[in-house]
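2 protein chains.
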Amino acid sequence: MSQIVSAAMLVIGDEILSGRTKDVNVNHIATELTAVGIRLLEVRVVADDENAIVDAVNSLRQQVDYVFSSGGIGPTHDDITADCMAKAFGWDIEVNEEARALLLAGYGGDPSSLTESRLRMARIPVGASLITNALSWAPGFVCENVHVMAGVPSIFKAMVAEVLPTLRKGAVMQSVTVRVDRGESVIAAPLAEIQARFPQVGIGSYPFSENGKFGSNLVARGDDAAVLAQVEAELKSLVPEEPDK
Amino acid sequence: MSQIVSAAMLVIGDEILSGRTKDVNVNHIATELTAVGIRLLEVRVVADDENAIVDAVNSLRQQVDYVFSSGGIGPTHDDITADCMAKAFGWDIEVNEEARALLLAGYGGDPSSLTESRLRMARIPVGASLITNALSWAPGFVCENVHVMAGVPSIFKAMVAEVLPTLRKGAVMQSVTVRVDRGESVIAAPLAEIQARFPQVGIGSYPFSENGKFGSNLVARGDDAAVLAQVEAELKSLVPEEPDK
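Just so you know, the sequences run in chain order A and B.
In terms of my numbering, the first sequence opens at residue 278 and continues consecutively.
In terms of my numbering, the second sequence opens at residue 278 and continues consecutively.
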């Protein structure tokens, strides 16, 4: 398929790695990208550490069409993402006039309201374009194929909504899901056989445990609805007439 | 600090990257590791793709003391983690007799119950030791510093509980959290000043938005309780007497 558009997500945040906070941005962008045919190939979560961020950005941006980051663009001392992006690209960083104007308008137009801390949110790598949003006066920004966004979920979502229309889209994968309430080991052989007969469809088995019983969601993905319907019928043949003992 | 013990987590799963499933294993292991003084430095989520898995394992296992993986050790055709681990380490893979015995006992002792699919769960890289657990007869395994575990959350948890006592522990970081219901840009300057006076304590500001209002959780981490108490008192001085307008 020549139509593959690929992406990676970089979550910047000590708080995720310490377990203090549960990330919700990955699932949001994964869902949004899948819906427009962009394939999320990798997610990395790194600490608020310059070397870790710079290395991850430089690794990911060469591997995929689009990189999205979340976190570290606020006004406090531990918000180092903008500086890290500048370093990763070898770009200068300074107060961006467009970003300053956005902040000034947001804080009511009084220049004295633009404290040093607030101006920190207008420091943007030189060469980046801004990602504005309706919820926050502090913009995200785009360095080539890297989209730098906020970590606060509501703002992240608003920024993703701004960015999505600007992206190249790929072929949207359609999928069907068949839930089978029996252990994977019982269905593995016929499932492999179905997969072998439909190599153009990707079939995944996603096991779960519910009330002490094992089951699996069988998901088939492809771009031909007619073939998917055939596969769906085959997968349904694996559903037990009555629950296994 | 010579006491740092580091870790990375590798989530293997198309279903996380497509947005179909929300990962919960990362938060679980992050919390467990933090509690015993092991620092989770990075998380990667990769697809059920051999090259992606092998590359990630070989990159992470050289960077940290312990790697933990989740997913892809079941009996279906898309469970390729064991083969990928063998490839990453350059080890052979075959049916492990101890794992076969566990499965045989689990399935009631009848050798004919050990179908090819079920035996697939006993294929373990040669040189690995097993991670057993009470919930599933299919074991995880350990290749040097890489701990390979199931993706189903209840089984992942059970395996983590088995593994934790075997790990070298680091100095447990203590932390205090102070919630401040005002925008980060208002507290950024005094917060940076507190951080500068207590360089031995790491202070993070984790902003949130609640009912349309911004606030932040200020978290200080360190290994000296007395110093942390001082920092906590200073952070509390940033809490407004009454909410900002």
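Possibly wrong hints are sitting among the right ones.
Heads up, the list lumps identical chains together, so a pair's fine if it works in one copy or across two of them.
Said to hold, decoys possible - Computed cross-link-like contacts, BS3-like style, restricted to lysine-lysine with a CA-CA straight-line distance of at most 30 Å: (1) Lys-446 x Lys-364; (2) Lys-364 x Lys-299; (3) Lys-490 x Lys-446; (4) Lys-513 x Lys-364.
Since the hints were made in silico from the structure, they are not lab data.
Cross-check of the supplied hints:
1. Lys-446 x Lys-364: within (29 Å within a copy, 34 Å between copies)
2. Lys-364 x Lys-299: within (28 Å within a copy, 32 Å between copies)
3. Lys-490 x Lys-446: neither (40 Å within a copy, 35 Å between copies)
4. Lys-513 x Lys-364: neither (53 Å within a copy, 35 Å between copies)
The structure is inconsistent with the numbered hints 3, 4, although it conforms to all the rest.
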